[in-house]
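Enquirer: Here is what each chain is made of, one letter per residue.
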Amino acid sequence: MRFRGKLMDIECIQHFTRVVSTVSKLAKTCTLKIDRSNVYFILPGSVVSGDISIWCELPQCHIFTEFNMEGLSEDADEIFLELTPENIVKAMKSARNAKWVKMKLTNKHIPCITFEVELPSLTNLPRTVIHDVPVCVIPRRSWAEFQEPKLTDFDISIYMPPLKVVKNIVDRMKHLGNFVMLSVNRNGEMTLKVETDLVSVSTHFYNLTCPNSRSWSKDPSVTRTPTQSRHQIKSVEVRVNIQKLAQFVSSQQVVPQKVVCNIHANRTVHFLLLHNDVTLQYFLPVVSM
Amino acid sequence: MPLNTQQAEDDGQYVLVAKLDNARNMSTILKAVHFKETALVIASAMGLKVTVEDSKCIQANAFLQAGIFQEFLIKEEQVTFKINLTVLLECLNIFGSSSTPGSTTALRMCYAGYGSPLVLMLEEGGVLTNCSIKTQEPDETLDFNFCSTNVINKIIMKSECLKEAFNELDMTSEILQILMSPDKPYFRLSTFGNAGSTHSDFPKESDMVEAFNCTQTQTNRYKVSLLKPSVKALSSSVRVSIRTDNRGFLSLQFMIKNEDGQVCFVEYYCAPDEDMEEDYDS
Chain A
628 MRFRGKLMDI
638 ECIQHFTRVV
648 STVSKLAKTC
658 TLKIDRSNVY
668 FILPGSVVSG
678 DISIWCELPQ
688 CHIFTEFNME
698 GLSEDADEIF
708 LELTPENIVK
718 AMKSARNAKW
728 VKMKLTNKHI
738 PCITFEVELP
748 SLTNLPRTVI
758 HDVPVCVIPR
768 RSWAEFQEPK
778 LTDFDISIYM
788 PPLKVVKNIV
798 DRMKHLGNFV
808 MLSVNRNGEM
818 TLKVETDLVS
828 VSTHFYNLTC
838 PNSRSWSKDP
848 SVTRTPTQSR
858 HQIKSVEVRV
868 NIQKLAQFVS
878 SQQVVPQKVV
888 CNIHANRTVH
898 FLLLHNDVTL
908 QYFLPVVSM
Chain B
6 MPLNTQQAED
16 DGQYVLVAKL
26 DNARNMSTIL
36 KAVHFKETAL
46 VIASAMGLKV
56 TVEDSKCIQA
66 NAFLQAGIFQ
76 EFLIKEEQVT
86 FKINLTVLLE
96 CLNIFGSSST
106 PGSTTALRMC
116 YAGYGSPLVL
126 MLEEGGVLTN
136 CSIKTQEPDE
146 TLDFNFCSTN
156 VINKIIMKSE
166 CLKEAFNELD
176 MTSEILQILM
186 SPDKPYFRLS
196 TFGNAGSTHS
206 DFPKESDMVE
216 AFNCTQTQTN
226 RYKVSLLKPS
236 VKALSSSVRV
246 SIRTDNRGFL
256 SLQFMIKNED
266 GQVCFVEYYC
276 APDEDMEEDY
286 DS
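Protein chains in written order, with my numbering: chain A, 628 to 916; chain B, 6 to 287.
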């Protein structure tokens, strides 16, 4: 198993840092998957046990100028590592003005991803910072847990209003109750509602657009595009944990190009965030009444 | 349904309807008295008075006069209810508490009378929020019986210099001693904490002092824990009046300017700390 990547463009360095920062705000530990084409941050969650799950994917060619990997074996040409994304964020903090950053899978008593950062120097001598981020290699037998979640038929889909606005509102609602009702209808209306014995607060967003069944998918030709509801459901109302919703809406470092909210009434709220080449999927389980 | 027709239909049931183009003009004033969870709201044709009390020793009153509202309609002579002030402030700030230039939250507040919830409608940037907050049976508030005829000493000063002194109050000291006198040191704040005693003197000739009317040397002590919340009001204010009466009761009146330049007042009344003797020369 080998992995080596070199980031040489300051924009790529910052881009990668932002993605990992976002992931670090969503999960304490997660799985980093590397294959020939992409880098993935995965948090497999069990909907049944009420956990959130995350699937974040970005093409390696948009980050690394040099990239080299060799998976476990020829027929299992992937690498799965469990790590703490915050550690990568800390390592990348040294790279804010770096000339280049090298990432390499190493074995220093325990497996690590070693970050070698070359900083600008006033003298001829190079200034290098090295961070070793400990990782845990995930054995082949567990790989099945980390497959991309299947996107089932959703009851309704809608483009989210600006996350910054939603964040302000959810941050306040957090202090009022533990759960929030999220409802969406086909007229482009979305409502967030928190209700307790003492107070009831509902916020309504209007004039939102609904994506057509092909446009939201990152790859229009892919068959896993779910069909829009065959039952022509007019509106959907689900209950979710407000802290977990707040976590998602607060995690973004930049304003994303598109955020789609797909709801499967009895199961999940799926947020699909598209920004340039990065896709981030956040699955929030629905809590029954 | 367009909001206007909905409003016209609903207004018939309400005894109080108030509209404000900028909800912050109300939330800033209420924040200045938010040191306990519940508050008493008294509405009259003059406007709103919001009262918060603690330990029967301190009372804060926020005045939102009818003039600051774009519309203020009340059908009864006086309407009173108790409400959770923490929740009310969360609702008023639902779109965020920082003031983004150019964007304001419009507010419409309605109350249908005894037993009804306080209903708020807030709008910013096309997004609408409706809140319904349960009201409670109003309590009797204390009457501190503070009248101007019994005022012994009065100082009006710019808030900025007092802000520093109050922010640096030694919290290890249980009491804050206030000396006001026609003679030197004129106005002195003292604390007696673990590290020692500190004294802050404000001479009457200072630029910061706008009016100085002290007739008698008075030294009074107040519990720091009770007075500390007044720092919230002080920090939003431009001017403060400090008065003590013949019983040693303290009245602090804060003049707060809102974003539209209108002036609102917040006052704090504090009873002197009874464990100590009063009126001795320090």
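Rather than coming from a laboratory, the hints here were simulated on the basis of the structure.
Being a predicted model, the structure only gives us computed values, none of them experimental.
Careful: at least some of the hints might be erroneous.
[Stated by the list, open to error] No farther apart than 20 Å at their CA atoms in a straight line, the calculated lysine to any residue pairs in the SDA-like style are these:
no.	chain 1	residue 1	chain 2	residue 2
1	A	K777	A	C688
2	A	K861	A	N893
3	A	K820	B	G130
4	A	K791	A	Y833
5	B	K87	A	N893
6	A	K726	A	T741
7	B	K36	B	A117
8	A	K794	B	K139
9	B	K87	A	L825
10	A	K791	B	A111
11	A	K871	A	N805
12	A	K794	B	F151
13	B	K36	B	E272
14	A	K820	B	L133
15	B	K139	A	D824
16	A	K633	A	E697
17	B	K189	B	D212
18	A	K731	A	E709
19	A	K871	A	G804
20	B	K87	A	K731
21	B	K139	A	G804
22	A	K791	B	T109
23	A	K791	B	K36
24	A	K794	B	K189
[Claimed, not checked] Listed next, the stretches of chain A that the computed footprint assigns to chain B, with coverage defined by at least 3 CB atoms under 8 Å from CB atoms of chain B:
no.	region
25	782–788
26	820–827
[Claimed, not checked] Covered, in the sense of this in silico footprint (three residues per stretch, anywhere, with C-beta under 8 Å from a C-beta of chain A), are these stretches of chain B:
no.	region
27	85–98
28	131–141
Just so it is clear, CB atoms sit at the ideal spot from N, CA and C, and this is done for glycine as well.
Enquirer: Could you run down the list of hints and mark each one as holding or not?
Expert: Hint check results:
At most 20 Å may separate the alpha-carbon atoms for a hinted pair to count; K777 of chain A and C688 of chain A exceed this at roughly 25 Å. Note on K861 of chain A and N893 of chain A: the hinted pairing holds, with a Cα-Cα distance of about 15 Å set against a maximum of 20 Å. For a cut-off of 20 Å, the pair hint linking K820 of chain A to G130 of chain B stands: about 18 Å separates their Cα positions. The suggested pairing of K791 of chain A with Y833 of chain A holds, with an alpha-carbon distance near 16 Å, which does not exceed 20 Å.
Distance check on the hinted pair: K87 of chain B and N893 of chain A sit about 40 Å apart at the alpha-carbon level, beyond 20 Å; violated. Under the criterion of a C-alpha separation no larger than 20 Å, the hint pairing K726 of chain A with T741 of chain A is consistent with the structure, at around 17 Å. Between K36 of chain B and A117 of chain B the alpha-carbon distance is near 25 Å, which puts this suggested pair outside the 20 Å criterion. Taking the CA atoms of K794 of chain A and K139 of chain B, the gap is near 25 Å; set against the 20 Å cutoff, the hint is violated.
Between K87 of chain B and L825 of chain A, the direct Cα distance comes to roughly 12 Å. Compliance with the 20 Å bound is thereby established for this hinted pair. Of the pairs offered as hints, the one joining K791 of chain A and A111 of chain B holds, with about 19 Å between alpha carbons and a cut-off of 20 Å not exceeded. Between K871 of chain A and N805 of chain A the alpha-carbon distance is near 10 Å, which keeps this suggested pair within the 20 Å criterion. In summary, the hint linking K794 of chain A to F151 of chain B is not supported, as the alpha carbons are separated by about 45 Å, beyond the 20 Å threshold.
Taking the CA atoms of K36 of chain B and E272 of chain B, the gap is near 13 Å; set against the 20 Å cutoff, the hint holds. For the hint pairing K820 of chain A with L133 of chain B, the CA-to-CA distance comes to about 12 Å; that is within 20 Å, so the pair holds. A C-alpha spacing of about 8 Å is found between K139 of chain B and D824 of chain A, which places the hinted pair at or below 20 Å, so the restraint holds. Among the hinted pairs, K633 of chain A with E697 of chain A is consistent with the structure: their alpha-carbon atoms are about 15 Å apart, no more than 20 Å.
At roughly 17 Å between alpha-carbon atoms, K189 of chain B and D212 of chain B fall within 20 Å of each other, so this suggested pair holds. Pair hint K731 of chain A plus E709 of chain A holds up; C-alpha atoms about 15 Å apart against a cutoff of 20 Å. Proposed proximity of K871 of chain A and G804 of chain A is supported: the alpha carbons are some 13 Å apart, at most 20 Å. Restraint check: the Cα-Cα separation between K87 of chain B and K731 of chain A comes to about 63 Å, which exceeds 20 Å; the hinted pair is violated.
Proximity of K139 of chain B to G804 of chain A is assessed by CA-CA distance (about 15 Å); at most 20 Å being required, the pair is judged to hold. Restraint check for K791 of chain A and T109 of chain B: satisfied, since their Cα atoms lie roughly 16 Å apart, inside the 20 Å limit. A hinted pair counts as satisfied when its Cα atoms are at most 20 Å apart, and K791 of chain A with K36 of chain B does not qualify at roughly 24 Å. Taking the CA atoms of K794 of chain A and K189 of chain B, the gap is about 54 Å. The hint is violated against a cut of 20 Å.
For the region 782–788 of chain A, the assignment as covered by chain B is violated, since 1 residues bring a beta-carbon within under 8 Å of that chain's beta-carbons and 3 are needed. Coverage of the region 820–827 of chain A by chain B holds in this model, with 4 residues showing a Cβ closer than 8 Å to a Cβ of that chain against a need of three. Remark: the region 85–98 of chain B is confirmed as covered by chain A, as 6 of its residues place a Cβ nearer than 8 Å to a Cβ of that chain, reaching the required three. For the region 131–141 of chain B, the stated coverage by chain A is satisfied: 9 residues place a CB nearer than 8 Å to a CB of that chain, which reaches the threshold of 3.
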